[in-house]
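Chain by chain, the residues:
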Amino acid sequence: MQYLLLIYSNEADDPQPGTPAFDEMIAGFEAFDKALEAKDAMRGGNALKPVSTATTVKVRNGKTVTTDGPFAETKEVLGGYYVIEADNLDTALEFAAKIPCVTWGSVEVRPIMTYD
Amino acid sequence: MKGSDTDQPTKMMIAQAAREDWGVVVAALTKTLGDLQLAEDVLQDSLLKAMELWPTEGIPSRPAAWLYTTAKRKAIDQLRRSSNFRKKQQDILATLVENQSSDGDSTDDIPDERLRLVFTCCHPSLSNEAQVALTLKTLAGFSTEIIAKAFLVSETTMAQRIVRAKKKIREAGIPYSIPSKSDWSDRLAAVLGVVYFIFNESYSQTGSSDASAEGLSTEAMRLGSILLRLIPNEPEIKGLCALMLLHEARKPARCDANGCSVTLEKQDRRLWCQSKIREGDALLRDALVMGQVGPYQIQAAISAIHATSQSFASTDWLQIQMLYDRLYEMQPTPVIELNRIVAMSFAQSPAVALAELQSMEASSLETYQPFQAVKADLLRRTGDLVGARLAYDCAIDLSRNQSEIQFLKAMRLSIAT
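Going down the list, the sequences are from chains A and B. Mapping to numbering that gives the first Met the number 0: the first sequence position 90 is 89, numbers consecutive. Mapping to numbering that gives the first Met the number 0: the second sequence position 180 is 179, numbers consecutive.
In case anyone wonders, no lab produced these hints; they're calculated from the structure. Quick caveat, the model's predicted, so the values are computed rather than measured.
When the alpha-carbon atoms are kept at most 30 Å apart in a straight line, the in silico BS3-like pairs for lysine-lysine are as follows: (1) K33(A) with K87(B); (2) K38(A) with K166(B); (3) K86(B) with K38(A); (4) K87(B) with K48(B); (5) K97(A) with K30(B); (6) K97(A) with K33(A); (7) K180(B) with K97(A); (8) K38(A) with K180(B); (9) K97(A) with K48(A); (10) K166(B) with K97(A); (11) K74(A) with K167(B); (12) K167(B) with K97(A); (13) K38(A) with K30(B); (14) K180(B) with K33(A); (15) K167(B) with K38(A); (16) K38(A) with K87(B); (17) K48(B) with K30(B).
Label pairs and their computed distance ranges (CB to CB): (18) A11(A) with R18(B): 54 to 60 Å; (19) S105(A) with I58(B): 52 to 58 Å; (20) N87(A) with M359(B): 40 to 46 Å; (21) P16(A) with D185(B): 34 to 40 Å.
Beta carbons are placed, not taken as given, at the ideal position from N, Cα and C, and that holds for glycine.
When you get a sec, could you build the whole thing from the sequences and use the hints?
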């Protein structure tokens, strides 16, 4: 099965570039990527630019409404994601628990829909 | 299928056999088929076939094995007919056909795969309500109707809850497997939590006229002993089983003839079941020597002190208070704090306990029934009858248990102006 790991955190809590904490986080992500690749579980993933760059689009009564910011105003925002291959939810949860941000943010694990 | 009166005893035996072996057969089928819903469907079909055949052909020597083998054949049929035939299902079908016994009449041994299913049903990705419902449905073989009755919801609501839970298992890929070492203690705690919840639910409804609630405590104890057999070396499982036995031992004295609850102080200790007390006590000792104390062992130890005390007055309350201190360190919840305060009121004095209670007073506790009940009792015992009456009124308003309400009303009446 494929799972989407959505990485949420409060941007104020994220380490800033140039700090040891930031370097540690990057090293953590590199290690995580390697761990995924070693198990042939990596199917994709990206970090996102800050939530201040987000735009939300919706169409209501045929009219496109564009607003700034994310869909829902929450303290924890989506900062990045992975797509992984895992046998089952437990394996996916094990991977999710190894994502560096999980110690100050959280990771939502969602199975990806398949059409077969 | 036509039922006749002569079929009735056979049918009851079938129903009985099915209930007892349901969990074993469903677990084994789920392991083979990789699909809980399919496993339950084919077992249900096999049961219908049994109802049809057994009254005339007689009950097979190993009914569960017959059901298991028949269900596997039905699964083969169903998988062959399946319109959206996936690769995974092809593999399952191939394995099933390959392992099918060559002799059409023989029955297979059933491997005990229940432990996997327990962990599936109690997976943290399912809500607590769903965990409880699934455990009772799949492992205990309860009907949806009985579970709905026991939890005071409509059958439709309960059926939906179970369907959604099974769907989540399938869609989210919750595995049928025993958790890894790193997750073991958390996952086991979830399983024990479900079993103890089922047990307690029967107590919170003591005095209700419904027999299905009564069945819950028996079932929780049965689930406990299954766990004990499957995982013999876990002190907390022993602790939980001991705790349930020690509680259950005191059950005959908990209600009077009118269904009104009787406090520990007023209970007729001669009604307590000594064999259950001995069994619980021995199990607790077994657990404690393993040197890994946990919340269930502590609660069992508290229960054991009560169960083995000659009288209410001679109870070692200080020991109980210390055990609650320890328990509170592990689980800092208001209910444990309240129990600690009650123990303190006997170990020291109601006034000391009342001071402690007032130190925990927070707005959220005002609507917490046990808080008001303890407060009423302590105010009464310290002579503040006006305050006590108010607290009794609050506690009565907040209670959902009939025998508890009766008890509180009687207490309220005893200090009426």
